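In the order they appear, the protein sequences are chains Y and W.
Just so we're aligned: 297 in the numbering used here is position 297 of the first sequence, and the numbers increase by one with no gaps anywhere.
If you want the numbering used here, it's the position in the second sequence, counting the first as 1, plus 1000.
Since the hints were made in silico from the structure, they are not lab data.
Keep in mind that the hints are not guaranteed to be accurate.
[Claimed, not checked] On the chain W side, residues computed to face chain Y include the following (Cβ under 10 angstroms):
| hint | residue |
| --- | --- |
| 1 | Glu1032 |
| 2 | Ser1145 |
| 3 | Ile1176 |
| 4 | Gln1180 |
| 5 | Ile1183 |
| 6 | Val1186 |
| 7 | Pro1188 |
| 8 | Ala1192 |
| 9 | Ala1205 |
| 10 | Thr1208 |
| 11 | Met1212 |
| 12 | Pro1281 |
| 13 | Gly1306 |
[What the hints assert, rightly or not] To be clear about the criterion: a stretch of chain Y counts as covered by chain W if any three or more of its residues have a C-beta under 8 angstroms from a C-beta of chain W, and this derived list gives those stretches:
| hint | region |
| --- | --- |
| 14 | 48–59 |
| 15 | 137–147 |
| 16 | 163–174 |
| 17 | 186–198 |
| 18 | 224–230 |
| 19 | 275–285 |
| 20 | 289–297 |
Just so you know, these numbers come straight off a predicted model, no measurement behind them.
Ideal placement from N, C-alpha and C gives every residue a C-beta, glycine not left out.
Protein chains: 2
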Amino acid sequence: MGKIKIGILGATGAVGREMRTVLEERGFPADEVRFIASPKSAGLCLPFCGESIPVIEASDRAFSGLDLVLGAASRDVALHFAPAIKASGAVFVDNSSAFRLEPSVPLVVPEINPKDALSHAGIVANPNCTTIITLVAIHALAKESPVEAIIASSYQAVSGAGANGPKELLAQTAAIAAGQTPIPQVFPYPIAYNVIPQIGGEEYAGYTSEEMKMQNEGRRILHLPELKASCTCVRVPVIRSHSVSVTLRTRETISAERARTLIAKAPGCRLADDLASACHPMPLHTSQQDLVYVGRIRKDLTQERGLCLWCCGDQLRKGAATNAVQIAELLIP
Amino acid sequence: MGKIKIGILGATGAVGREMRTVLEERGFPADEVRFIASPKSAGLCLPFCGESIPVIEASDRAFSGLDLVLGAASRDVALHFAPAIKASGAVFVDNSSAFRLEPSVPLVVPEINPKDALSHAGIVANPNCTTIITLVAIHALAKESPVEAIIASSYQAVSGAGANGPKELLAQTAAIAAGQTPIPQVFPYPIAYNVIPQIGGEEYAGYTSEEMKMQNEGRRILHLPELKASCTCVRVPVIRSHSVSVTLRTRETISAERARTLIAKAPGCRLADDLASACHPMPLHTSQQDLVYVGRIRKDLTQERGLCLWCCGDQLRKGAATNAVQIAELLIP
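Using the sequences and the hints given, assemble the complete structure.
Put into structure tokens, the structure is as follows:
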């Protein structure tokens, strides 16, 4: 086929909006772009490459004629429409957690395991945002020597909870400035001037669903079935871009200097690592772009084969939309 | 002696103010309380126990007749006045980093090593705030089995940088709400809706001065000269209370259940640990009080003898002023 027909399921949400932007920015070779969303958005017209494209209501017939569908909807919506997408003959690149651990579904970060995408049976899964950002930061190290273990503490932006996250944070800071008590709706507690050390419900042995993704998804993406990962996922009052404090143990020792060299030339990474000039990855600098910034690279003082680093990336772009569009690009014949 | 004469050096700063509050709250048995500060605050009158006490300018003669001096000033000021305090016959309980690693100066957290305070030679040092909060959280575990290693990532409040930190954060959120560009002065970058992964300058192998305190001070407080600690200290847009994500390795295995039992009855700790009801330590709940809240207790998935936990405490109170006043109480004959 020449140019292809692509749809976005959930085109009006936080990730769907980014997918529209990224498709346009990258000049994705489509001769049809179809926006599909819930009934409440149907009929809305959205700009795309100088045109105005109407939003179509999600239904089993909405995918007819498409070659590719980017999924930016919830897990439940993805599970509901996957059979119809498959029946229509389209490949489903889904950002939800629905299919990530299915053995027959490739889980892909294009900088790390692009070939996996080609062995799909109709669905390719896009990994969790914090997992993508962390693995892009460390994949060059894993290639040098297998990663045995990851200990990570995250600093996750409110936009990771959808478009209402930033609205709530901004409304709460305004309320506090006006001497009022902020009322939480999106998050279980006020997030303004606070941090909340729980994202998701309990999944395994005191770890939340969000925290287990690094180990479960990391094993598949890095092709390291024995990988161990302990994460602490924390919501912080940042609008956009997740940061992660990472300690990793590799099979062989990698020096901090060697790690810096490897990360500096790793696809998808930008080295930002200089204490003397206060050059570090920060949400302030990493939002609205696609690279994962990596810094604070140093030997772990507690274990012989350990390294510590700090990384930061735009979780709505590289952590979601851009990664999905990159997968779609791999699937263009 | 009966009642004692106590002074605060740096009585008008962020920590000095808390020391005044804590002395008053705890009914410290003083028959004189003297407030000492820089020339610009001299003459100011501050309320204390229903009286109004004038601030005296810091000078070598300002300490005459005192039994105890609480230091809430900078390292340089502490170094400058320590000889005069000693010459006056007072014991100096100093919150700065000036004397913390001096072998002849006890470094004390009263819940952990109270007896050390009694072997002083005129100076007792108050540890770093993040170190105090983390060690109060884990000391019951260290008593059960020696801690070999700590990996910690901090979420540090802006008030840790002094009284101007909160002013800057609030001014920046107001500026952003008004569509203006925030101008950083206290911190090297805007802190509103951002996180900054550097506190202090480089001290050792890519670690900052703030980050090395956990290992250097932890060894002395826990009496574990071999303790290893890798920290990543991060400033977050929180007004008050530091949070720390901690992974520790003990010599023998401690189960999560056992750790929970030990922490629940540990002096200075409050257990706040229930994922199902979203009960966790958070700055929202831990400010303006003296306990360190501990939660998210679970097995580390990456190492056999590892535990992960999350703790949070008011770094101006237990992390500084309250700890110093508790030390002063130990020194009352």
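Fill in: Restraint outcome when Gly1306(W) is required to lie within 10 angstroms of chain Y by C-beta distance
Holds, about 7 angstroms.
Next item on the list: Closer than 8 angstroms, Cβ to Cβ, for at least three residues: run that test on the region 289–297 of chain Y against chain W and report holds or violated.
Entry: holds (count 3)
Coverage claim, chain W over the region 137–147 of chain Y, checked by counting residues with Cβ within 8 angstroms (three needed) | Since 0 is below three, the answer is violated.
### Task
Against chain Y, run the beta carbon of Met1212(W) and see if the smallest gap drops under 10 angstroms.
Holds. Min distance 9 angstroms.
Notebook entry, point to check: Minimum Cβ distance from Glu1032(W) to chain Y below 10 angstroms?
Noted result: violated, 38 angstroms
Q | Hint check, Val1186(W) versus chain Y [nearest Cβ-Cβ separation less than 10 angstroms] | A | violated, 13 angstroms
### Proximity test - 8 angstroms, beta-carbon atoms, the region 275–285 of chain Y to chain W, at least three hits
holds (count 8)
inquiry  = Tell me if the interface restraint on Ala1192(W) is satisfied: Cβ within less than 10 angstroms of some Cβ in chain Y.
reply    = OK, holds: Ala1192(W) within 10 angstroms of chain Y, min 8 angstroms.
- Item | Coverage criterion applied to the region 224–230 of chain Y (partner chain W; beta-carbon cut 8 angstroms; 3 residues) | Check passed, 3 qualifying residues.
Given that the region 48–59 of chain Y was listed as covered by chain W, double-check it with a C-beta distance under 8 angstroms for 3 or more residues. violated (count 0)
Chain Y contact restraint for Gln1180(W) - C-beta distance below 10 angstroms = Given a least distance of 14 angstroms, the restraint on Gln1180(W) is violated.
Handout entry: Hint validity - Pro1188(W) Cβ closer than 10 angstroms to any chain Y Cβ
Key = Because about 5 angstroms separates Pro1188(W) from the closest Cβ in chain Y, which is inside the 10 angstroms limit, the hint holds.
When the structure is compared with the earlier hints, violations turn up for hints 1, 2, 4, 5, 6, 14 and 15 and for no others.
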